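So the sequence lines, in the order shown, correspond to chains A and B.
The first sequence begins at 136 in my numbering and counts up by one.
The second sequence begins at 136 in my numbering and counts up by one.
For the record, the hints were derived by calculation from the structure and aren't laboratory data.
Just to be clear, a hint being listed does not mean it is correct.
[Claimed, not checked] Far from chain A by the CB rule (all over 12 angstroms, computed), these chain B residues:
#1 ILE197
#2 THR200
#3 LEU266
#4 LEU339
#5 PHE372
[What the hints assert, rightly or not] Ranges between beta-carbon positions, derived for each pair:
#6 B:TYR206 <-> A:GLN202: 22 to 32 angstroms
#7 B:TYR206 <-> A:VAL283: 31 to 41 angstroms
#8 A:LYS296 <-> B:ILE307: 53 to 63 angstroms
#9 A:PRO262 <-> B:PRO262: 26 to 36 angstroms
As the structure is a prediction and not an experimental result, all values here were calculated from the model.
A virtual CB, placed ideally from N, CA and C, is assigned to each residue, including glycine.
Number of protein chains: 2
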Amino acid sequence: MISGAVALVIIFVILWVGLPLIGPALLAALWIGTGELARMFARRDVPLNLAFLRVGGLLVLIASTPQLQAYNPGVPWREVALGVSLLAAFIYELFAGANIPRLAFSMLSFLYLPWTLGYFLLLRYAPDAHLGIVTLSLPLVATFATDVGAYFVGRTFGRHKLAPTVSPNKTIEGFIGGLVSAFLALFLYTWLIQGAFPFGHGELLVFAALLSFAAQLGDLTESMLKRYCGVKDSGQFLPGHGGLLDRLDSLIFSVPLTYYLLVIFT
Amino acid sequence: MISGAVALVIIFVILWVGLPLIGPALLAALWIGTGELARMFARRDVPLNLAFLRVGGLLVLIASTPQLQAYNPGVPWREVALGVSLLAAFIYELFAGANIPRLAFSMLSFLYLPWTLGYFLLLRYAPDAHLGIVTLSLPLVATFATDVGAYFVGRTFGRHKLAPTVSPNKTIEGFIGGLVSAFLALFLYTWLIQGAFPFGHGELLVFAALLSFAAQLGDLTESMLKRYCGVKDSGQFLPGHGGLLDRLDSLIFSVPLTYYLLVIFT
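All chains should be modelled from the sequences, with the hints used to inform the complete structure.
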């Protein structure tokens with residue numbers, strides 16, 4: 136309870152202050168998360184190009200800052216960051232090993248973490264620095280509600296397995312419980328912060344369903360990667376709470392989706 | 136000679152007409168190129184998710200059309216196409232096999248071909264539908280001149296190996312010959328089409344060097360992938376001329392780079 140309350144306060148302060156705190160937090164997540172991925176895949180004897188993931192990830196984060204996004208909106212800065220990073224990764228393999236599995240798994244890892252982390256920053260400043268506090272909080276609320284709802288509904292009513300080969304404890308009932316819980320939480324939350332959510336009730340239903348769907352897919356995807364690597368936790372970020380990726384797995388999918396929905400439909 | 140002249144006329148007509156011809160040409164390149172990649176990697180017993188590469192690639196091409204780019208410039212359509220494709224690829228593995236090497240090599244292949252093909256379309260319409268004929272022709276000229284220059288200079292003066300483990304016939308002398316040849320060709324070409332190239336002579340030198348550098352790296356990268364798969368040609372697109380990827384390898388790197396340079400520096 137206490138550690139949960141402390142985490143909530145920390146997240147709120149980081150959200151509120153914006154770039155001066157979110158920037159370092161994302162850099163730390165980039166550093167720790169890519170380290171966890173490298174140690175996970177090392178168990179399958181697959182090396183990762185950590186310099187590519189970290190320096191390239193830094194470029195993606197810089198490209199996602201509101202300053203650069205506003206500096207020349209005609210330039211797809213994130214695509215440039217991705218392109219330069221890819222070129223560097225190819226050059227590295229050309230002159231240092233030609234290890235194609237390392238290249239392939241590094242590309243997967245790059246799209247999985249560094250690329251998606253940038254959306255946390257984009258969403259904090261979309262549509263603007265003030266409302267971004269709310270928009271970035273939407274996937275946080277939806278994801279948290281999904282986790283809680285899926286856990287309790289799954290434990291109480293769970294009968295039918297959702298994805299038995301990947302995560303044997305997940306059930307279809309829990310999945311639906313997560314969807315319903317996310318909708319109720321977002322309904323309550325957007326009622327509390329009236330005016331900040333730019334859609335109506337019908338749209339909120341679709342929005343909550345998509346976010347909860349993405350959050351649960353993010354959770355399953357990380358389970359799939361961990362199962363492939365033969366680990367139960369992605370690391371030891373918080374003693375007793377697994378690795379950092381275990382905390383971020385749902386958000387990695389739901390935050391980019393929120394950003395896409397926001398820029399397309401408003 | 137005759138087949139070269141015919142190819143030149145075909146390329147010119149496709150360039151001139153724009154989307155109604157470039158669109159189908161890129162779709163064909165997507166279809167054939169991803170097929171070649173799948174057959175290449177199959178020789179190393181690595182399957183690719185062809186549906187992800189082809190349907191996702193189609194989304195990237197649609198996102199790169201001038202119509203969608205102009206429809207709502209605030210939406211990063213290509214990122215949305217990439218994000219939706221990634222989500223679909225993860226879902227596919229969650230419920231059909233959890234084959235992580237297939238996922239990783241499919242991501243590498245996606246960034247290598249479908250993602251880069253979209254830049255051919257973007258560049259054809261940057262800065263506009265008229266001048267785009269010229270801007271897209273710049274990497275074509277630079278790449279062709281690089282190939283010719285590197286071949287003849289390398290054959291005549293080549294002594295020092297460039298990347299012996301990847302492509303034993305390439306030399307540093309040939310590499311430099313390619314750079315010089317690209318500069319001379321672009322110098323002549325931009326003099327012929329005065330006014331269309333938006334930079335001065337000093338910038339042209341840097342531009343030619345970067346494009347030639349990218350073209351030769353693209354060539355080496357494809358050699359590296361072919362060597363990993365144990366093939367000499369990527370396929371049999373043109374009898375006696377290898378596969379389609381053997382023709383496109385340099386452009387895959389030089390066309391996106393031209394687009395980045397154009398949108399950043401003009």
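Hint check:
1. ILE197: holds, 14 angstroms
2. THR200: Holds, since 15 angstroms exceeds 12 angstroms.
3. LEU266: At roughly 15 angstroms from the nearest Cβ of chain A, B:LEU266 sits farther out than 12 angstroms, so the non-interface label holds.
4. LEU339: holds, 21 angstroms
5. PHE372: Nearest chain A Cβ is 22 angstroms from B:PHE372, so the label holds.
6. B:TYR206 <-> A:GLN202: 22 to 32 angstroms: With Cβ atoms ~26 angstroms apart, the hint holds.
7. B:TYR206 <-> A:VAL283: 31 to 41 angstroms: At 39 angstroms between Cβs, range holds.
8. A:LYS296 <-> B:ILE307: 53 to 63 angstroms: The hinted range 53 to 63 angstroms holds for A:LYS296 and B:ILE307, with Cβ atoms some 59 angstroms apart.
9. A:PRO262 <-> B:PRO262: 26 to 36 angstroms: holds, 27 angstroms
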